[in-house]
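Position chains A and Y relative to chain L; hints supplied.
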Amino acid sequence: MRLYPSDDRSASFVSLDRGEDLLDGLSQAVKELGFKAATLQVIGALEEAALGYFDQQAKEYRTIPTGHVEIASGLGNVSLRDGEPFIHLHLVVSGPDGAALGGHAMQGCRAFVVEAYFRALAGPPPVRQGSPGHGLMVWPGS
Amino acid sequence: MRLYPSDDRSASFVSLDRGEDLLDGLSQAVKELGFKAATLQVIGALEEAALGYFDQQAKEYRTIPTGHVEIASGLGNVSLRDGEPFIHLHLVVSGPDGAALGGHAMQGCRAFVVEAYFRALAGPPPVRQGSPGHGLMVWPGS
Amino acid sequence: MRLYPSDDRSASFVSLDRGEDLLDGLSQAVKELGFKAATLQVIGALEEAALGYFDQQAKEYRTIPTGHVEIASGLGNVSLRDGEPFIHLHLVVSGPDGAALGGHAMQGCRAFVVEAYFRALAGPPPVRQGSPGHGLMVWPGS
Numbered sequence: 001m002r003l004y005p006s007d008d009r010s011a012s013f014v015s016l017d018r019g020e021d022l023l024d025g026l027s028q029a030v031k032e033l034g035f036k037a038a039t040l041q042v043i044g045a046l047e048e049a050a051l052g053y054f055d056q057q058a059k060e061y062r063t064i065p066t067g068h069v070e071i072a073s074g075l076g077n078v079s080l081r082d083g084e085p086f087i088h089l090h091l092v093v094s095g096p097d098g099a100a101l102g103g104h105a106m107q108g109c110r111a112f113v114v115e116a117y118f119r120a121l122a123g124p125p126p127v128r129q130g131s132p133g134h135g136l137m138v139w140p141g142s
Numbered sequence: 001m002r003l004y005p006s007d008d009r010s011a012s013f014v015s016l017d018r019g020e021d022l023l024d025g026l027s028q029a030v031k032e033l034g035f036k037a038a039t040l041q042v043i044g045a046l047e048e049a050a051l052g053y054f055d056q057q058a059k060e061y062r063t064i065p066t067g068h069v070e071i072a073s074g075l076g077n078v079s080l081r082d083g084e085p086f087i088h089l090h091l092v093v094s095g096p097d098g099a100a101l102g103g104h105a106m107q108g109c110r111a112f113v114v115e116a117y118f119r120a121l122a123g124p125p126p127v128r129q130g131s132p133g134h135g136l137m138v139w140p141g142s
Numbered sequence: 001m002r003l004y005p006s007d008d009r010s011a012s013f014v015s016l017d018r019g020e021d022l023l024d025g026l027s028q029a030v031k032e033l034g035f036k037a038a039t040l041q042v043i044g045a046l047e048e049a050a051l052g053y054f055d056q057q058a059k060e061y062r063t064i065p066t067g068h069v070e071i072a073s074g075l076g077n078v079s080l081r082d083g084e085p086f087i088h089l090h091l092v093v094s095g096p097d098g099a100a101l102g103g104h105a106m107q108g109c110r111a112f113v114v115e116a117y118f119r120a121l122a123g124p125p126p127v128r129q130g131s132p133g134h135g136l137m138v139w140p141g142s
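Chains as they are written, first to last, in our numbering: chain L, 1 to 142; chain A, 1 to 142; chain Y, 1 to 142.
Okay, chain L solo, but in the shape it has when bound (with noise of 0.2 Å):
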């Protein structure tokens, strides 16, 4: 992983190593760029991916592994959960035909090369709390 921060550090673009694991990686430069609210856009391309679709009737996600995809678009956030920032990040990927999945990028997605780019937000961060309605940490709304 390596960073490639703006002069304020307000933002920056991040480069994976191959075969470094997509979240883990990001995980490690929103700690080291000291982010607690921040925007993110992630392209590039995978090994591979494992993409969930959360049932919202079961409350619980399911998980689509795939082969070599390129990365047709990530797009997340980071705010706090359990007092920690916290990656949210979905993911459109797409494979030798073009044919595009989607979902929530769960941990097992391979990098082969990413780009990302995160802007923090200079405010209060949201922060996750359980919702029984939604079976999930969601950032509370009205």
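It should be emphasised that the hints constitute simulated quantities derived from the structure, not laboratory data. Among the clues, some could well be false.
For the chain L half of the interface with chain Y, some residues (derived, Cβ under 8 Å), not all of them [stated by the list, open to error]: (1) Arg2; (2) Ser6; (3) Asp8; (4) Phe13; (5) Pro65; (6) Ile71; (7) Pro96; (8) Ala99; (9) Gly108; (10) Val113.
Just so you have them, the derived chain A footprint on chain L, three or more residues with Cβ under 8 Å [to be verified]: (11) 24-36; (12) 75-82; (13) 87-93; (14) 129-140.
Simulated pairs of lysine-lysine, DSS-like, Cα-Cα distance not exceeding 30 Å [unchecked claim]: (15) Y:Lys36 to L:Lys36; (16) L:Lys36 to L:Lys59; (17) A:Lys36 to L:Lys36.
Fair warning: this is a prediction, and the values are worked out from it, not measured in the lab. By construction, the Cβ of each residue, glycine as well, lies at the ideal position given by its N, Cα and C atoms.
Here is chains A and Y on its own, set in the frame of chain L:
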């Protein structure tokens, strides 16, 4: 809808409540933030989505409805249309098998969990104008 | 191509004309803005797209052509390659039934409506270097 603005109010995270209409909730956020030009990113999940495909020859939108989906990607912008701030948002959504659908976010997307991010452009906003060649309100080109 | 820059020229919206090549138009925008490091977001629609899938074993791109499509998502960055600002852009596009295709934006994507957003990174730009292990010009990692 709840705002999580930066200290200088140049950017904000936004959380929508379960069941809230996606475009209505985000438009309310834009109004409270006072943004006339901004960029927008969204992730989360929807109880149902309505995606539009613009038929470039017939010059009209076709609507594609879905069931429960992840918002794998939401990218958009805020600019002026008819003198008012207007959200233009495109979505990629994905279902239980990960298969992704894309399109223009139409009225009728209902939030399950919505985590959005706006950042204002501190300058003159683009102004949408009717373009007979497109059959759409677009930002004038060259 | 038309720029809608922020007052401090640290960011800009960009509108492309119908028929303009996507990468050529965006590259012209980057040149006029003078950006060497930036993040990029794109939505809109294309008269046709050319998407690339990088075969990680053969180390070459396969090209996937499309007809009229929505740009459901476009995420990218600007960094230096061979001393010049270079755009790396990934797309998710979708057709009349919403089915999404993803990949690397290749030459030959022709604009119908393109609404882009650049934000500069005010710091040293990443520099692409040849990586035999990837078969690509990448940002060096650790």
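Output the numbers, in ascending order, of every earlier hint that fails for this structure.
-> 5, 9, 11
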